[in-house]
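S.K.: Letter by letter, the chains look like this.
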Amino acid sequence: MSKGFSEFTLSAIKSQEEGIELVEKLFDVAEPDAVYSEPVTSGDYTVITACEVSVGMGFGYGFGGGTTPEPVGDAAESEDTPPQQGAGIGGGGGGGGGAAGRPVAVITIGPDGVRVEPVVDPTKIVLALCTTLGSMFMMMRRMRKASKR
Amino acid sequence: MTQLGEIIQWQTKSGRKITVGDVTITPQSKALIIRWPLGGLVWNRPVALLVDYGDRAEHVPIVDVTRRVQLGLLGFSLIFAIVIFILSTLKGESK
Numbered sequence: 005m006s007k008g009f010s011e012f013t014l015s016a017i018k019s020q021e022e023g024i025e026l027v028e029k030l031f032d033v034a035e036p037d038a039v040y041s042e043p044v045t046s047g048d049y050t051v052i053t054a055c056e057v058s059v060g061m062g063f064g065y066g067f068g069g070g071t072t073p074e075p076v077g078d079a080a081e082s083e084d085t086p087p088q089q090g091a092g093i094g095g096g097g098g099g100g101g102g103a104a105g106r107p108v109a110v111i112t113i114g115p116d117g118v119r120v121e122p123v124v125d126p127t128k129i130v131l132a133l134c135t136t137l138g139s140m141f142m143m144m145r146r147m148r149k150a151s152k153r
Numbered sequence: 815m816t817q818l819g820e821i822i823q824w825q826t827k828s829g830r831k832i833t834v835g836d837v838t839i840t841p842q843s844k845a846l847i848i849r850w851p852l853g854g855l856v857w858n859r860p861v862a863l864l865v866d867y868g869d870r871a872e873h874v875p876i877v878d879v880t881r882r883v884q885l886g887l888l889g890f891s892l893i894f895a896i897v898i899f900i901l902s903t904l905k906g907e908s909k
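Chains A and B supply the protein sequences, listed in that same order.
Everything in the first sequence is counted per my numbering, starting at 5 for the first residue and increasing by one.
Everything in the second sequence is counted per my numbering, starting at 815 for the first residue and increasing by one.
Honestly, I wouldn't trust all of these hints.
What the hints assert, rightly or not - Derived coverage of chain B by chain A (criterion: at least 3 residues anywhere in the stretch with Cβ under 8 Å from a Cβ of chain A; other residues may be distant):
(1) 823-831
(2) 837-848
(3) 857-863
(4) 891-902
No lab work stands behind these hints, which were simulated from the structure alone.
Glycine residues also receive a C-beta, built at the ideal position from the N, C-alpha and C atoms.
Turn these sequences into a full structure, and let the hints steer you where they fit.
M.R.: Pasting the structure below:
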């Protein structure tokens with residue numbers, strides 16, 4: 005039992021260390037290199053893209069072990085069926101995460117200087133507009149219903 | 815005890831300088847970092863460029879147009895909701 009438990013504990017600690025290493029790698033995303041691309045040169049112009057990046061993750065684990073209680077009374081004194089000791093260990097863990105990125109601007113360096121051109125996401129804007137108009141319509145409808153009562 | 819500053823951090827960092835001809839650019843980014851014992855969250859976005867032309871320097875902000883439009887629409891809908899609420903309250907009082 006103790007050997008098995010030690011092996012199990014060691015493997016759990018190793019998994020935990022690997023998880024912590026992974027979390028530490030996550031914080032590399034906080035560096036400016038994660039949002040600005042490598043410069044690409046074509047002719048007189050050099051282009052750099054700037055993106056918004058978001059990353060999140062988490063994990064958890066748990067383990068434990070136990071033995072059966074020592075037999076008492078008749079069961080402990082019985083010669084036909086000697087008392088059996090049982091023990092067990094178990095554990096588990098899990099984790100999850102997600103990442104998202106979106107281009108924000110394109111930086112162009114050329115003979116005419118440095119220009120920052122924004123990247124517009126029409127899908128997001130249309131979705132936000134539809135949500136706004138929908139909520140306004142619902143509010144107006146509720147107000148009309150309330151005024152009729 | 816863990817300090818709040820260790821859990822939530824709001825950092826502005828300058829990246830490595832990029833030199834193209836006579837122009838040197840230093841990109842800057844702003845990151846929100848939230849840490850917890852077995853995980854974390856990072857939101858990093860570009861904020862500005864420091865452009866050095868040799869004889870003069872410029873601070874060029876990077877505007878996120880999509881986010882601004884989204885926030886503008888959110889603000890507009892909130893104002894609209896407040897106005898509707900005030901109008902309905904006034905109507906109810908006049909009756």
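S.K.: Compare the structure with each hint and give your call.
M.R.: Now for the hints, and whether the structure bears them out:
no. : hint    : in the structure
1   : 823-831 : holds (count 5)
2   : 837-848 : holds (count 7)
3   : 857-863 : holds (count 5)
4   : 891-902 : holds (count 6)
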